[in-house]
Amino acid sequence: MTVLRPGQPVVNPHARRIVLAHGGGGQLTDELLEEVIRPRLDNPWLADLDDSAVMAVEKGQLAFTTDSYVVQPLEFPGGDIGRLAVSGTVNDLAVCGAEAEYISLSLILEEGLELALLRRVLDSVAGTAGEAGVRVVTGDTKVVAKGQADGMYINTAGVGRIRDGIRLGVSRIQPGDVVLVSGEIADHGLAVMLQREQRTVIRSELRSDVAPLNGLIETLLDEIIEDVVFLRDPTRGGLAGVLSDLAERSGLHLMIDETAVPIRQETLYAAEMLGLDPLEVANEGKVVAVVRPEAAERARAVVASHPQGRGASIVGRFQSERNGLCEILTEVGGRRIIQKPYGEELPRIC
Amino acid sequence: MCLALPAKIVEKSGDEAWVVLGDARMSVNLIMTPEADVGDWVLVHAGFAIQQVTEQDALETWRIIEAVHGAPEEAAT
Amino acid sequence: MTMREQMARLTDELHTVAAMLDGGASFMEVCGTHTVNACRSGVHSLMPENVRLISGPGCPVCVTAQRYIDALIGLGRRQGLTVTTYGDMMRVAGAGGSLELARSEGADVRVVTSTMEAVAIAREHPERQVVFAAVGFETTAPATAAAVLAAKRQGLSNFTVLPCHKLVLPAMMTLLADPDVRIDGFICPGHVSVIIGAEAYRPVVEEHGKPCVVTGFEALQIMQGILHLTKQVAAGQAKLENLYPEVVSADGNLRAKRLIEEVFMPGDSAWRALGRMAKSGLDLREEYMAFDAFKRFDITLGEDNDPPGCRCGEVITGKCYPGDCPLFGSVCTPIYPIGPCMVSSEGSCQAWFKYRRNELKRRKAAQTGPAKEVRV
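Here the protein sequences come in this chain order: A, B and C. Counting from 1, position 180 in the first sequence corresponds to residue 168 in our numbering; the numbering is continuous, with no gaps. Counting from 1, position 67 in the second sequence corresponds to residue 106 in our numbering; the numbering is continuous, with no gaps. Counting from 1, position 70 in the third sequence corresponds to residue 119 in our numbering; the numbering is continuous, with no gaps.
The following block holds chain A by itself, in its conformation from the complex:
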């Protein structure tokens, strides 16, 4: 039995679920912060709990990004919404050439959400933040009525200083530049979709690849910073989304070799079962880099030597033709274009 001490907030240690009052800004909110959130994320900024976190700024440029996460289900093999929220924002900063440092964490919780789940997600947030070397310095918690928020929505924003010597941009892409992918595609999207199918017909333990990639990107930039001209993480829309975008915005013809696109066998089976094209499925732990041809092999080697870049592969090259199209040389030697996928992929059945 817990012995209460004067000044100690009255927390029911068996409280199992989020209630509306947890978001009211009053005592229960404080308890939530003190008992659940702060112990996992503690740092000088959160300790002060001011309305805004205040950081010193070095000369140079800051990258600033934000994303909201509404993944269903909240937990899936390989990760959860917490890991996704931190990784996604860290990666958005990293692909701009910024050193991710500080992130915000806004939670919108559904009334009735199990506290045990919230704790697991926050553990994930803390663990992933630690892995990435970033700190959660400010945040917010709201609670909405049952039936809203699908359990939990998370928004994260992040800032980081752009590294010296970085010059990334579509305008730098030239004919001859090479496209590198850091590893096998389509794991995340398929893992999540398979979890949604669990209820009905399919059971699988395919794991998401969700991970913060700033360490990997830093390693790449340490090696060949002048020769990296563009970075992007192929999240929604998959690899196809990034490649078709690069072709369109650069105005150049991008030629991809399908035999060079890495994909794991289980992932392919899952894609076939769901009737989906792996090129269009989301990745949350992969990066696409455009590099100068003379540095291509070095880039591939340095990425492949990093634990998160094991499957690194050079998948294509920009041509001199100016048609803004991405074309793929298929496994059987045919040619066809890759285009931006339509929003919600409807699996083919019949």
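Incorrect hints may have been included.
Said to hold, decoys possible - With beta-carbon atoms standing in for the labels, derived distance ranges: (1) C:Arg231 to B:Glu99: 51 to 61 angstroms; (2) A:Val7 to C:Arg202: 43 to 53 angstroms; (3) C:Glu255 to A:Ala292: 53 to 63 angstroms; (4) A:Val7 to C:Glu335: 50 to 60 angstroms; (5) C:Ile384 to A:Ala289: 36 to 46 angstroms; (6) B:Glu50 to C:Ala283: 28 to 38 angstroms; (7) A:Ala292 to C:Gly145: 52 to 62 angstroms; (8) B:Arg102 to A:Pro295: 29 to 39 angstroms; (9) B:Glu50 to A:Gly14: 51 to 61 angstroms; (10) A:Gly13 to C:Gly129: 40 to 50 angstroms.
Unchecked claim - Facing chain C, from chain B, some residues (calculated, C-beta under 7 angstroms): (11) Ala43; (12) Leu82; (13) Ile89; (14) Ile103.
Said to hold, decoys possible - From the structure, some residues in chain C lie toward chain A, with a derived Cβ separation under 8 angstroms: (15) Ser90; (16) Arg231; (17) Tyr404; (18) Arg406.
Hints listed in this document are in silico derivations from the structure and should not be mistaken for laboratory results. Every residue gets a Cβ at the ideal spot worked out from N, C-alpha and C, and that includes glycine.
Knowing the structure of chain A, use the given hints to seat chains B and C on it.
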């Protein structure tokens, strides 16, 4: 009009069965292939087994699918 | 030998045989999956100039007349009613929007991967009426039949199907009788053939003298099918060849055929573009009329209102390429589709838009100079 894949039956109970593809399991109705049993391969379409196939043919089909879609011969892990 | 080497061998042989043809040849791929897989693998980019691939009416969504879509959407909007459907039907537009739109406005529309899922939903929700949109060719008809039988066995009074199944042979025969359509041979649908058997195409070969080849779905198998057809035409032959014997037998799956026969009987059916064809669809038999949604909900089918300018009908009969439609790529895209050929992931227009748009651009570029060699 027919996305159908060969898969191996690992569990069967009357007309209901579970098939396995890699490490994914899928539930399948065997009403069109009632003689198919655990260990047999079937062609699955929209939740039903529409034909029984030999293991050799099934594996060959998967070999072709994998080759055409670019997966490695061996599982990565 | 690698995939590319195998394909190169087939392609070389095809080019050699095609060169011997007097004129050219047009082959129809009946099945939507063949179209998509061929496009996805770039088979079209390997074809000889004088061999043309026409996409046929093998996309069940594409050939479902608009009036059925309207009926489904009407049902979807009713209180206390759940519409269950395969994924592809969600975005097809009827006069009153689409199932997807209806769902976003509160209708209970659910995508299922199996007809038995729909039956389970009916069982778990006795307070709701559950309707299954029974679309598809002979491959899915047995699944619908099985669902009706299961519902009967379980004594479910809240499960019905809206029968929209179509039969492949009548469509093929109608196309052959159309003087505007030139078809020199058929790539027969692979998995429909699993059910109906290769011999089902015998009338096409014998009554119309057209070569028929049954093939599998991967690019190599499709190319092999095209090669066999071209060889037949070059030799002036008309034979039925089954290149997919591992799953397609001469007589098909007898159990599946019996399931269809038990529950359904052939009836007249309205096809988009092909019009009304006798005995080209499946109606529920009298003893199963209790499971007929048309009857239970007293639905009368309206008229079709094909959008002006839409040439889907000509696309699925092979009378024009998707690129020939004035709406293609400008007004009609996968994001804002006008006709079903662009909505359906098995539709020719979507396949073209996703995988062959560069041909239109290249035709334009060709007017300004040859394409440069690519280095990958």
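- Broken hints, numbered, in rising order? Numbers 1, 6, 16, in rising order.
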